[in-house]
Amino acid sequence: MPKSKVQNVLFTIVMAFVMVYALVCYNIALDKGGMSNEIFLIAFHEIVIMLPVAFVLEFFIVEKSATKLAFRIVTPQDRPIFITLAISSMIVCIMCPIMSFIATLLFAHAGNQLIAVWIQKTFMNFPVAFFWQIFIAGPLVRNLFGFFNKKSK
1 MPKSKVQNVL FTIVMAFVMV YALVCYNIAL DKGGMSNEIF LIAFHEIVIM LPVAFVLEFF
61 IVEKSATKLA FRIVTPQDRP IFITLAISSM IVCIMCPIMS FIATLLFAHA GNQLIAVWIQ
121 KTFMNFPVAF FWQIFIAGPL VRNLFGFFNK KSK
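1 is the number of the first residue of the sequence shown in UniProt numbering; add one for each residue after it.
Keep in mind that the hints were calculated from the coordinates and are not lab data. Possibly wrong hints are sitting among the right ones.
Unchecked claim - Pairs of lysine-lysine residues, derived as DSS-like cross-links and limited to a Cα-Cα distance of at most 27 Å, are as follows:
id : residue 1 : residue 2
1  : Lys5      : Lys150
2  : Lys3      : Lys64
3  : Lys5      : Lys64
4  : Lys5      : Lys68
5  : Lys68     : Lys3
6  : Lys150    : Lys3
To be verified - Computed Cβ-Cβ distance ranges for the label pairs, DEER-style:
id : residue 1 : residue 2 : range
7  : Leu140    : Met35     : 18 to 28 Å
8  : Phe130    : Gly33     : 19 to 29 Å
9  : Asn112    : His45     : 18 to 28 Å
10 : Val74     : Asn8      : 13 to 23 Å
Ideal placement from N, C-alpha and C gives every residue a C-beta, glycine not left out.
All chains, please: the whole structure from these sequences, using the hints.
What follows is the structure, given as structure tokens:
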């Protein structure tokens with residue numbers, strides 16, 4: 001895990017990219033009726049907007065709130081994996097509705113159905129965001145980060 005402010009910034013950027021890119025691809029696939037190779041390229045049009053938004057939210061607001069919420073469930077004496085999973089879960093619980101709302105505003109053309117479309121997007125995104133974070137993105141980015149930290153020492 002990050003030890004300095006610079007490491008925390010880099011970690012947050014990489015984690016935000018892995019999460020946002022996957023969820024943007026997922027949402028585009030939902031809109032198009034299925035996954036195709038072109039979606040991986042189309043996603044870069046949205047990620048230019050969504051990645052900075054996710055980074056700012058995560059780094060300046062959500063991380064602190066998620067940590068406070070997580071420590072209502074776990075204690076500092078718990079095993080580190082339980083603390084990590086609790087914080088990661090809380091981040092998804094906070095970020096998913098916020099990012100789904102922003103995506104609804106910017107890309108869904110929801111019109112007067114904004115609230116309904118946002119709720120639907122949130123319910124569609126949450127399980128994917130949660131499982132992607134816990135089983136793929138989280139371990140991948142933490143291991144990648146750990147590997148480069150060992151290399152730099």
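message = If I claimed the Cβ atoms of Leu140 and Met35 lie 18 to 28 Å apart, would that claim hold in this structure?
response = 20 Å Cβ-Cβ, so the 18 to 28 Å window holds.
Given pair status - Lys64, Lys3, alpha carbons within 27 Å = holds, 16 Å
ask   = Hey, Lys150 versus Lys3, does the alpha-carbon distance stay inside 27 Å?
value = holds, 13 Å
request  = For the pair supplied as a hint, Lys68 and Lys3, confirm whether the alpha-carbon distance does not exceed 27 Å.
outcome  = Status holds; Cα separation ~19 Å.
key: Beta-carbon spacing of Phe130 to Gly33 - inside the hinted bounds 19 to 29 Å or not   = Check passed, 24 Å falls within 19 to 29 Å.
query = For the pair supplied as a hint, Lys5 and Lys150, is the alpha-carbon distance within the 27 Å limit?
reply = Holds. Lys5 to Lys150 sits at ~18 Å (cutoff 27 Å).
inquiry  = Against the 27 Å threshold, does the CA-CA distance of Lys5 and Lys68 hold or violate the hint?
reply    = With a Cα-Cα distance of about 19 Å, the restraint between Lys5 and Lys68 holds, given a limit of 27 Å.
query = Per the hint of 13 to 23 Å, is the separation of the Cβ atoms of Val74 and Asn8 within bounds?
reply = holds, 20 Å
request  = Starting from Lys5, check that the Cα of Lys64 is at most 27 Å away, please.
outcome  = holds, 14 Å
Cβ distance range 18 to 28 Å for Asn112 and His45, holds or violated = holds, 26 Å
Checked against the numbered hints above, the structure breaks none of them.
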